[in-house]
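Number of protein chains: 2
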Amino acid sequence: MAKNKENNELMEKIVSLCKRRGFVFPSSEIYGGFSAIYDFGPYGVELSNNIKKEWWKAMVQIREDVVGLDSAIFMHPKIWEASGHVSGFSDPLAECKKCHSRVRVDHLLEEIGINADEKMGLEEINKIFEENKGKIKCPSCGKDEFTDVKKFNLLVKSNLGNFTEDWNKEPIYLRGETCQGIYVNFKNVLDSTRMKIPFGIAQIGKAFRNEITARQFIFRTREFEQMEMQYFTNPDEEMKEYEKLREYRWNFYLSLGIKEENLKWHKHENLVFYAKEAYDIEYNYPFGFSELEGVHARGDYDLTQHSKYSGKDLSYLDQSNNQKYMPHIIESSVGTARTFLAVLCDAYTEEKTGDDTRMVLKIDKKLAPVKIAIFPLLRNKPELVRKAKEVYDNLKSQFMCEFDDNGNIGKRYRRQDEIGTPYCLTVDFDSLEKGDVTIRNRDDMKQERIKIDNLMEYFKDNLS
Amino acid sequence: MAKNKENNELMEKIVSLCKRRGFVFPSSEIYGGFSAIYDFGPYGVELSNNIKKEWWKAMVQIREDVVGLDSAIFMHPKIWEASGHVSGFSDPLAECKKCHSRVRVDHLLEEIGINADEKMGLEEINKIFEENKGKIKCPSCGKDEFTDVKKFNLLVKSNLGNFTEDWNKEPIYLRGETCQGIYVNFKNVLDSTRMKIPFGIAQIGKAFRNEITARQFIFRTREFEQMEMQYFTNPDEEMKEYEKLREYRWNFYLSLGIKEENLKWHKHENLVFYAKEAYDIEYNYPFGFSELEGVHARGDYDLTQHSKYSGKDLSYLDQSNNQKYMPHIIESSVGTARTFLAVLCDAYTEEKTGDDTRMVLKIDKKLAPVKIAIFPLLRNKPELVRKAKEVYDNLKSQFMCEFDDNGNIGKRYRRQDEIGTPYCLTVDFDSLEKGDVTIRNRDDMKQERIKIDNLMEYFKDNLS
Chain R
1 MAKNKENNEL MEKIVSLCKR RGFVFPSSEI YGGFSAIYDF GPYGVELSNN
51 IKKEWWKAMV QIREDVVGLD SAIFMHPKIW EASGHVSGFS DPLAECKKCH
101 SRVRVDHLLE EIGINADEKM GLEEINKIFE ENKGKIKCPS CGKDEFTDVK
151 KFNLLVKSNL GNFTEDWNKE PIYLRGETCQ GIYVNFKNVL DSTRMKIPFG
201 IAQIGKAFRN EITARQFIFR TREFEQMEMQ YFTNPDEEMK EYEKLREYRW
251 NFYLSLGIKE ENLKWHKHEN LVFYAKEAYD IEYNYPFGFS ELEGVHARGD
301 YDLTQHSKYS GKDLSYLDQS NNQKYMPHII ESSVGTARTF LAVLCDAYTE
351 EKTGDDTRMV LKIDKKLAPV KIAIFPLLRN KPELVRKAKE VYDNLKSQFM
401 CEFDDNGNIG KRYRRQDEIG TPYCLTVDFD SLEKGDVTIR NRDDMKQERI
451 KIDNLMEYFK DNLS
Chain U
1 MAKNKENNEL MEKIVSLCKR RGFVFPSSEI YGGFSAIYDF GPYGVELSNN
51 IKKEWWKAMV QIREDVVGLD SAIFMHPKIW EASGHVSGFS DPLAECKKCH
101 SRVRVDHLLE EIGINADEKM GLEEINKIFE ENKGKIKCPS CGKDEFTDVK
151 KFNLLVKSNL GNFTEDWNKE PIYLRGETCQ GIYVNFKNVL DSTRMKIPFG
201 IAQIGKAFRN EITARQFIFR TREFEQMEMQ YFTNPDEEMK EYEKLREYRW
251 NFYLSLGIKE ENLKWHKHEN LVFYAKEAYD IEYNYPFGFS ELEGVHARGD
301 YDLTQHSKYS GKDLSYLDQS NNQKYMPHII ESSVGTARTF LAVLCDAYTE
351 EKTGDDTRMV LKIDKKLAPV KIAIFPLLRN KPELVRKAKE VYDNLKSQFM
401 CEFDDNGNIG KRYRRQDEIG TPYCLTVDFD SLEKGDVTIR NRDDMKQERI
451 KIDNLMEYFK DNLS
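These protein sequence lines map, in sequence, to chains R and U. Going by this note's numbering, the first sequence opens with residue 1, and the numbers climb by one from there. Going by this note's numbering, the second sequence opens with residue 1, and the numbers climb by one from there.
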């Protein structure tokens with residue numbers, strides 16, 4: 001209970017920091033907000049970009065066996081039939097007869113101890129729902145009268161490219177996951193590159209789902225960004241490659257400085273029929289261990305379905321032994337915002353010294369939104385400001401830097417600590433005479449003097 | 001005419017290169033393609049990412065007066081009323097009575113020499129259309145019978161967050177331009193940063209428009225990515241800042257290695273009522289000079305509208321002189337894909353030597369999808385392959401590299417020339433003895449020997 005309170009407080013502190021320092025803003029705030037959507041502010045977009053850069057480096061740049069892709073959000077609607085999303089990607093919803101709010105029936109049943117399986121038909125759910133009438137209350141108004149349960153598809157529909165009025169009959173979907181764009185480009189990649197199985201295709205992009213309950217800040221939102229790598233394997237080697245991928249992905253989070261005790265594997269017990277094995281990497285968020293990434297062995301389902309629905313044979317001919325087979329796919333799939341939130345939670349630190357509390361984001365240097373802050377000791381001494389600007393102008397060509405001459409140095413350190421800036425440089429009167437500056441380290445607050453002429457080399461060694 | 005033919009050929013060559021070498025694939029190709037949407041393949045995504053990185057560096061990283069943002073695609077629908085898009089962002093369409101294809105009436109009128117002004121009402125357009133009946137033929141079937149002209153809104157509609165069936169009544173729009181996300185976050189940025197006017201907010205993101213005629217490859221598509229910077233100024237300084245921004249943006253393209261003779265300014269003659277001045281930077285595409293970027297002075301329209309519609313006062317108080325005003329906005333807005341296409345057209349080179357033609361992409365090193373290709377001279381000599389892999393493994397930690405041991409060295413050079421790789425390294429028998437490799441320069445094809453131990457430093461000097 002005490003632990004819960006502490007965790008709620010941590011979540012509140014992070015949400016508040018995000019707003020106050022420009023990491024995350026609620027969407028359309030001046031219009032009263034909008035639909036569990038969030039915008040990334042000035043520091044947020046830098047953090048988010050740095051996360052994506054590190055992911056791309058780990059998943060594409062340093063891997064000879066993986067290439068990148070950036071497929072569009074919109075695709076042929078038949079793709080979503082082939083994938084099973086049109087028929088199967090839905091939540092059971094009912095409407096409260098009193099307040100007309102819509103509720104997730106599976107969640108309400110779960111709360112009274114009934115597990116409503118994904119595969120359960122509508123009739124069966126309705127029956128259970130009816131049997132438990134009275135026990136189930138509307139979360140908004142407390143009443144226990146609901147309409148019949150209906151399935152609501154999670155794919156977001158649009159009228160893209162449809163110039164009639166009744167486009168609802170043939171909706172064009174926004175993608176519900178980015179991986180379908182990879183599957184349908186499998187052959188294009190094979191034909192235009194020299195890749196041979198096993199190989200992977202990686203991409204970062206947005207996906208959309210009509211979740212009725214978006215919640216926990218940026219953890220679950222209707223618009224979200226995925227970083228996915230789909231790896232095509234020989235069926236005989238699927239599970240061997242799967243184990244390698246699991247290890248690789250675990251180590252990725254350690255390389256971002258995430259504390260290993262805050263990560264754990266969660267094995268899926270109820271697999272979808274085609275899956276071989278599925279594990280999630282969970283992070284210990286303030287609201288409990290929850291999915292950060294999925295690492296799943298998907299068998300040959302995806303390419304088989306797209307072969308069937310497109311009429312194009314997507315099987316692979318291994319020219320070294322003339323073996324022909326439908327590739328099996330293992331995937332790594334993670335949300336940018338979930339990584340973002342895990343990184344913030346993991347880095348958030350309060351250090352007490354006597355009555356004073358220092359709030360510092362001990363974020364990995366690679367991810368820090370600002371790498372170096374440059375201060376003139378006093379803002380009203382033009383020669384200090386000039387020299388500090390000179391240092392700033394030189395370093396900013398290579399690193400994200402910030403110039404700050406506002407308030408005393410202590411306050412400026414605190415401002416940078418809050419956003420996780422690893423290095424602060426102060427230009428003082430000695431700098432003008434001796435050509436050196438004070439460099440202050442975020443984590444241990446130690447200071448040293450360093451020659452201005454050596455700064456670029458120092459940071460190239462310490463930041464790249 | 002000869003020039004036209006040459007240009008059509010160039011366009012065909014570029015489209016073909018894009019497909020063959022994995023820069024751009026038509027979306028959903030195995031399903032017969034989809035709706036003028038394109039996917040970026042392995043080299044395309046690298047080029048596109050490099051363009052965005054250079055834009056971000058020029059517009060955010062090295063500018064003390066600009067911060068970044070990443071606002072969501074979905075926003076409060078009232079924002080699109082405030083911006084004027086719901087009432088005014090539409091094309092006049094009619095339907096051919098014979099083949100039922102939809103036509104842009106303004107385009108058809110233009111073809112017979114009639115300028116259908118944007119501000120023209122529906123009644124007036126219908127009258128002109130009727131008067132010219134017989135002269136106007138359907139571009140698809142040649143017949144001259146059409147339905148009445150209707151205005152069709154370009155905003156793409158969706159059912160995001162709407163769990164009813166009749167969501168068409170209150171559609172949620174996909175954003176038609178990214179800048180609205182900047183305007184509505186103006187106050188959030190002011191409140192969470194130390195920015196003071198003049199300052200800018202920059203962002204890169206997707207936007208969507210229901211264009212009836214998407215065309216010219218990736219030049220005009222219904223889903224597209226914008227790179228925009230909106231700069232907030234004191235009304236008295238709007239035009240001074242505007243001139244600075246125009247110069248800055250022009251120089252940006254030169255810094256990407258675009259030939260200056262392929263760029264020109266186009267001044268808008270018919271300004272929308274609130275605009276002060278509007279220029280486009282046009283690039284000389286194979287289909288003629290066309291808009292690459294817009295640099296527009298928008299006055300106080302945007303913040304005034306959002307103040308009115310949101311009920312939140314977005315005026316700015318200058319604390320240095322207690323002056324209060326509605327900021328005026330100047331904007332720079334460019335499409336990633338238009339820059340991508342301009343870069344490819346500008347870099348595409350054929351060099352004839354006797355009967356032989358070398359196709360080479362003379363693309364700026366900063367933008368090249370692959371920076372360094374590493375070859376073992378012979379693939380069947382394990383000691384060469386091993387040494388080449390060692391070099392590759394070392395360099396790939398810092399640069400996008402490619403390993404290639406397929407075919408003779410000449411062929412490998414050609415493959416890299418086609419995708420614009422600035423440097424090729426060959427590991428030969430001398431490398432094993434003397435520890436140096438041949439480095440071959442893309443543009444002049446000159447070769448030199450360089451010590452393996454010095455490669456990292458060499459490329460850090462030449463590529464960062």
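Read the hints as simulated data drawn from the structure, not as lab findings. Among the hints, a few may not be true.
Identical chains share a label here; the pair holds if one copy fits it or two copies do between them.
[Said to hold, decoys possible] In silico DMTMM-like links for lysine to aspartate or glutamate, alpha-carbon gap of 20 Å or less:
#1 Lys-434 - Glu-124
#2 Lys-396 - Asp-461
#3 Lys-460 - Glu-54
#4 Lys-411 - Glu-269
Remember, it's a predicted structure, so these values are computed and weren't measured experimentally.
Against the structure, the hints:
1. Lys-434 - Glu-124: For Lys-434 and Glu-124, neither the intra-copy (81 Å) nor the inter-copy (76 Å) Cα distance is at most 20 Å.
2. Lys-396 - Asp-461: This pair counts as both: shortest intra-copy Cα distance 16 Å, inter-copy 17 Å.
3. Lys-460 - Glu-54: For Lys-460 and Glu-54, the Cα distance is within 20 Å both inside one copy (17 Å) and across copies (19 Å).
4. Lys-411 - Glu-269: neither (51 Å within a copy, 51 Å between copies)
Checked against the numbered hints given earlier, the structure breaks hints 1, 4 and satisfies all the rest.
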